[in-house]
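Participant: Take these sequences, add in the hints, and give me the full structure.
In order, the protein sequence lines correspond to chains P and S.
When you line the first sequence up against our numbering, it's residues 1318 to 1657, in that order.
When you line the second sequence up against our numbering, it's residues 1318 to 1657, in that order.
One thing to keep in mind: the hints can contain errors.
Same chains, same names: a pair is fine if it fits in one copy or spans any two.
Said to hold, decoys possible - 30 Å max Cα-Cα, derived BS3-like pairs, lysine-lysine:
1) Lys1476 - Lys1418
2) Lys1543 - Lys1593
3) Lys1513 - Lys1405
4) Lys1397 - Lys1513
5) Lys1561 - Lys1476
6) Lys1397 - Lys1543
Bear in mind the hints are in silico, worked out from the structure with no lab data behind them.
Protein chains: 2
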Amino acid sequence: MSHGDHESGRIALDVMGGDFAPTSNLSGALRALGGDDGLDPGRMVLVGNEDAIRGGLEELGGDPGFVIRHASEVIDMHEKPGQALRAKPDSSIAVCVGSIKAGQAGALVSMGNTGAVVGASTLGLGTLSGVRRPGIAVTLELTGHPVTLLDMGANIAPKPAHLVHYGTMGSVLARDCLGVREPRVGLLNIGEETSKGTDLLREAHGLLTESRLDFVGNVEGGDIFKGVCDVVVTDGFTGNVVLKLLEDFAGFMLRLVMEELQGHGGAQWGPEALAKVRRNIDYSEYGGALLLGVAGIVVIGHGRSDENAVSNALRLAARALDAGVNDDIVRGLETASEPA
Amino acid sequence: MSHGDHESGRIALDVMGGDFAPTSNLSGALRALGGDDGLDPGRMVLVGNEDAIRGGLEELGGDPGFVIRHASEVIDMHEKPGQALRAKPDSSIAVCVGSIKAGQAGALVSMGNTGAVVGASTLGLGTLSGVRRPGIAVTLELTGHPVTLLDMGANIAPKPAHLVHYGTMGSVLARDCLGVREPRVGLLNIGEETSKGTDLLREAHGLLTESRLDFVGNVEGGDIFKGVCDVVVTDGFTGNVVLKLLEDFAGFMLRLVMEELQGHGGAQWGPEALAKVRRNIDYSEYGGALLLGVAGIVVIGHGRSDENAVSNALRLAARALDAGVNDDIVRGLETASEPA
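Facilitator: Right under this line is the structure:
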């Protein structure tokens, strides 16, 4: 099913969000037009300062026919989300959310203030039927196939049932957008045994075992790199720690490696070889993080997203819309908790 | 203060523990005799099957004068700790703990079943005055200076006060054994702001701020690699996830890097260059994990510890004994919670 011809199939892009805004977002939108799965320009709603958008597009060779929607305010990357949303009702983030609410778009993409995007989306769009708490999902390609982890920080103190919802939402994402036919779900824990972990995890383990999900049981941190499952479920605190650790540890390791390569002529070819390694653990390759469970497709990218990351995020939003991820989540939640 | 001449200054080595036991442990004990901080053989109590120990030492060139203590049973790496300890009262682990209890040793080193070592030590030795829950500390050298993380899994559901105890215990370790004069303590969290994280962390943040520790506030996963503090405090669940993730992620990254190096003649020099990188994140370089807070020095190594790791663990145990780490922990806990 394609929503491409309807307003609800449009993707609102927060042009003002991110460290390299607005240029990176505008270039990203232009880049998303290309390739086999290129998007129609009329499918993208560019949200932000209209002058900046028109001027920026002019500099990049002209407007191919994007929908443009003015937003007079910008929420800074480091503003406190709740406060900023209250103080700036016409921020580009709020206008993106408003577009979905008004049925003028079905998805939004923002590289801006993550807390503000999560807050505005959750409050503005509400949760899908059956979902109690949204979760942030990221996908990494570590062992030649994608692994989706959630929650990466939307909900730091979930209840056992929320973790089951994450399992369902992650499975739908893997099936609909990542080509994984029968997603296997693992529960991030500190040992394989059923008895391991906190009360939260022991209860979640029981619920997941009883669910219709393909639950493979507890997995440990390192299993993420071993291909034992396609979806890894965890609480938002642990998930956020893990995600930040992976990002920074990768950078740290690669710096150490680069130093070692210097003596072997690596100054020339090292950066390129290591960039390839870095891409493996860069979740913007899969379009960024999806806030799953809200009534709309919400893609959140890194503040430091470049043109390529923005383009990937727009394509991910389009895939999620076209596949009807949210309808599938609602259906999945209706059946997932029925005993298998 | 040196305990070297007294039985309480001896170190009981679990010769039967670890994937390469008993050989790796015996070679490690021999290796610990060498170097500037070499240990006296009479300071080491080799615990395990006496025939295996004597035979093994013979093969390695003879017994330089170790104390040998027979233990008739061995707890396997994968046995359930509680069950195994009950079923095998004369295991090498139990005999090591018994040696400390009887005043015939002040420390134990084991590369065996971690759960069994933690359980036997905690129950057999009891906790130090002022300590409610022991914590596992590991030290990594990531940015040219050591960073100690705890708890790495002894206590998966700590209370706020326990995290303050970890801060004190980690600071004592850093000061006594790692040459850090004024250890800075960070609290692992998902953001710098005081308001971040779970109730546990917000309460711990308050207690740490009021304590006499040099508390630098919340740190994020990646800060471990940035030298912002010397001691990172976290609950045992998060700590265990982080530790396993770091270990496996490092291996994963280095495999990816090695593949990239193949095309640049890296087959020859790559392994050596990367081994150097690997050592940076290998906590056995600092002697393994210390179970802090029990009435005895307990060093737990990786199951896959080699001769070098065993030797490092023995030296760490000796340093901790000689520095009077446990006396300093008791003193530290008496004063740490007094307002600064």
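Participant: With identical chains treated as interchangeable, where does the CA-CA distance between lysine 1513 and lysine 1405 reach 30 Å or less: within a copy, between copies, both, or neither?
Facilitator: between (46 Å within a copy, 23 Å between copies)
Participant: First find the shortest C-alpha distance between lysine 1543 and lysine 1593 inside one copy, then the shortest across copies, and answer within, between, both or neither for a cut-off of 30 Å.
Facilitator: both (19 Å within a copy, 24 Å between copies)
Participant: Checking an output row: lysine 1397 and lysine 1543, CA cutoff 30 Å. Within, between, both or neither?
Facilitator: The answer is between: 25 Å across copies meets 30 Å, while 38 Å in one copy does not.
Participant: One pair to classify: lysine 1561 and lysine 1476, alpha carbons no more than 30 Å apart. Within, between, both, or neither?
Facilitator: both (23 Å within a copy, 24 Å between copies)
Participant: Pop the pair lysine 1476 and lysine 1418 into one bin, within, between, both or neither, using alpha-carbon distances up to 30 Å.
Facilitator: within (28 Å within a copy, 43 Å between copies)
Participant: At most 30 Å between CA atoms: does that hold for lysine 1397 and lysine 1513 within a copy, between copies, both, or neither?
Facilitator: Between copies, since 12 Å is at most 30 Å while 37 Å is not.
Hint compliance for this structure: no hint is broken.
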